[in-house]
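Student: Protein chains in written order, with numbering that gives the first Met the number 0: chain W, 0 to 270; chain D, 0 to 270.
Honestly, the hints are just simulated from the structure, not real lab data. One or more hints might be untrue.
Same chains, same names: a pair is fine if it fits in one copy or spans any two.
In silico SDA-like pairs for lysine to any residue, Cα to Cα no more than 25 Å straight-line [said to hold, decoys possible]:
id, residue 1, residue 2
1, Lys-177, Ala-230
2, Lys-50, Ala-17
3, Lys-177, Ala-109
4, Lys-50, Gly-29
5, Lys-177, Arg-51
6, Lys-177, Leu-152
7, Lys-50, Asp-72
8, Lys-50, Ala-27
9, Lys-177, Gly-101
10, Lys-177, Arg-157
11, Lys-177, Ala-55
12, Lys-177, Thr-69
13, Lys-50, Arg-102
14, Lys-177, Ala-188
15, Lys-177, Gly-215
16, Lys-50, Thr-69
17, Lys-177, Ala-256
18, Lys-177, Arg-102
19, Lys-50, Gln-226
20, Lys-177, Arg-108
21, Lys-177, Ala-27
22, Lys-177, Arg-142
There are 2 protein chains.
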Amino acid sequence: MRSLARFSFNQATANNWALAELVDGCAAAGVGSVGLWRAPVLDHGLARAAKRVRDAGLSVSSLCRGGFFTAADWLDDNRRAIDEAATLGAPVLVLVVGGLGGRALDDARAHVATALDTLVPHARAAGVRLAVEPMHPMYCADRGVVSTLAAALDLAARYPSRDVGVVIDTYHVWWDEKVWSLIAEAGAADRIAGYQVADWVTPLPEGVLLGRALPGAGHIEIPRYTQAVTAAGYTGPIEVEVFNADLWTRPGPDILADTIAAYLSHVVPNE
Amino acid sequence: MRSLARFSFNQATANNWALAELVDGCAAAGVGSVGLWRAPVLDHGLARAAKRVRDAGLSVSSLCRGGFFTAADWLDDNRRAIDEAATLGAPVLVLVVGGLGGRALDDARAHVATALDTLVPHARAAGVRLAVEPMHPMYCADRGVVSTLAAALDLAARYPSRDVGVVIDTYHVWWDEKVWSLIAEAGAADRIAGYQVADWVTPLPEGVLLGRALPGAGHIEIPRYTQAVTAAGYTGPIEVEVFNADLWTRPGPDILADTIAAYLSHVVPNE
Numbered sequence: 000m001r002s003l004a005r006f007s008f009n010q011a012t013a014n015n016w017a018l019a020e021l022v023d024g025c026a027a028a029g030v031g032s033v034g035l036w037r038a039p040v041l042d043h044g045l046a047r048a049a050k051r052v053r054d055a056g057l058s059v060s061s062l063c064r065g066g067f068f069t070a071a072d073w074l075d076d077n078r079r080a081i082d083e084a085a086t087l088g089a090p091v092l093v094l095v096v097g098g099l100g101g102r103a104l105d106d107a108r109a110h111v112a113t114a115l116d117t118l119v120p121h122a123r124a125a126g127v128r129l130a131v132e133p134m135h136p137m138y139c140a141d142r143g144v145v146s147t148l149a150a151a152l153d154l155a156a157r158y159p160s161r162d163v164g165v166v167i168d169t170y171h172v173w174w175d176e177k178v179w180s181l182i183a184e185a186g187a188a189d190r191i192a193g194y195q196v197a198d199w200v201t202p203l204p205e206g207v208l209l210g211r212a213l214p215g216a217g218h219i220e221i222p223r224y225t226q227a228v229t230a231a232g233y234t235g236p237i238e239v240e241v242f243n244a245d246l247w248t249r250p251g252p253d254i255l256a257d258t259i260a261a262y263l264s265h266v267v268p269n270e
Numbered sequence: 000m001r002s003l004a005r006f007s008f009n010q011a012t013a014n015n016w017a018l019a020e021l022v023d024g025c026a027a028a029g030v031g032s033v034g035l036w037r038a039p040v041l042d043h044g045l046a047r048a049a050k051r052v053r054d055a056g057l058s059v060s061s062l063c064r065g066g067f068f069t070a071a072d073w074l075d076d077n078r079r080a081i082d083e084a085a086t087l088g089a090p091v092l093v094l095v096v097g098g099l100g101g102r103a104l105d106d107a108r109a110h111v112a113t114a115l116d117t118l119v120p121h122a123r124a125a126g127v128r129l130a131v132e133p134m135h136p137m138y139c140a141d142r143g144v145v146s147t148l149a150a151a152l153d154l155a156a157r158y159p160s161r162d163v164g165v166v167i168d169t170y171h172v173w174w175d176e177k178v179w180s181l182i183a184e185a186g187a188a189d190r191i192a193g194y195q196v197a198d199w200v201t202p203l204p205e206g207v208l209l210g211r212a213l214p215g216a217g218h219i220e221i222p223r224y225t226q227a228v229t230a231a232g233y234t235g236p237i238e239v240e241v242f243n244a245d246l247w248t249r250p251g252p253d254i255l256a257d258t259i260a261a262y263l264s265h266v267v268p269n270e
């Protein structure tokens, strides 16, 4: 029977829904877990947000996001992000590592490793696991130079698995002909720190950020991914995270209802 | 000294320039080679186009493009494309293999292999080499399910190298962390059938097709690619192929002049 047991509603799917209403809406819908974003959490107030979520009986599957190591203040900013994740009780801080930022590609990738070296002790002390998210290669220049699950695993392998893992997002990895063996490898090495789903539709919009779709509306065989990460040993939350400009114009409760329906029909295989 | 010896002007860079004027313009500018596209060639008349190019003293580096094995008439259409390449004296037919076309991704990829099996004997008989072009993963759903140079090489390896090679286009492969070893591997196996250059700029436009840039205007280290394919043993034409909606609004001779300037400054390393 399909259930919401592993479902987590990522806040970015209802980008304009105020945090308090989102928390109440999730609790009312029987959703037990949310993925939160730093900006709305800080807008609401970190301590207040943590209390609100806790009081509603929700857990926080991840905090999105640290990374962007191209920014001038990346070190302080990522230390703050780690502390915020700890305050929220989020076990995982998702890292979108940033694009070129004026560096040559090899140098930008090397800088990511340097940044991780610097951050891992702080994260370990805070009890937060860093999760490197490989980004679709179309974001290589401007959002994330870690373009494949293989590259993310290579980065993570330099640290204990409890400190650094990877996030597998169907939208970013679905084109990769090696993805199935990489998921198995990631699971065997205990590196799957998170699993997010969104579907791929074309044509892509200008800027290619806000054209993702709810599961089932596009081309990705999402149940196969759910089965693969589960078979690889990942039994944690399944976040639906959909950046979609049209979806964002709708009322939060409607988005949540459609997201739950999509999850039950197109994310969890027959259990 | 930098020269135009290896330069080939791909017709798509000046998409609205009539074939006859393009041929005359290239000859007048000292360009010895052009990459042609099927539609404008057929518009001009195949035999007339072949004669026009030959009479101008130009060689045809490649014909773009066959592939799109998702189309109902893919077999007949690709046989015609092979014959057209032979008529034009193009040694290479570039294959953009097509997207999902309603198939699951694995099935779409398997279908590409089946299509190649069917076409190779015809191509061999015509003396035309098929060149599989890996497409940037952002085109996986709708233009090409062969998303990496590794996958293209795996496909090509099933045939003699004189029959099937790969096209390396900087725009499609630049994000790949394995690209340098793959280029070396492709050269060692005598699989580099073509080398095309365009640069990557953001933001990507809607549809992500017409936002490529002339070499030097974007993020790709193009001279490094030229050196890599040359070091791998490829000494053939270097096609500049840039799909850019703004560029296309300009007069053909201006586009050619800027393309030549970009080539000399940002494609060929110091020789």
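Student: What hints, given by number in increasing order, does this structure fail?
Tutor: Failing hints, ascending: 5, 7, 11, 13, 16, 17, 19 and 21.
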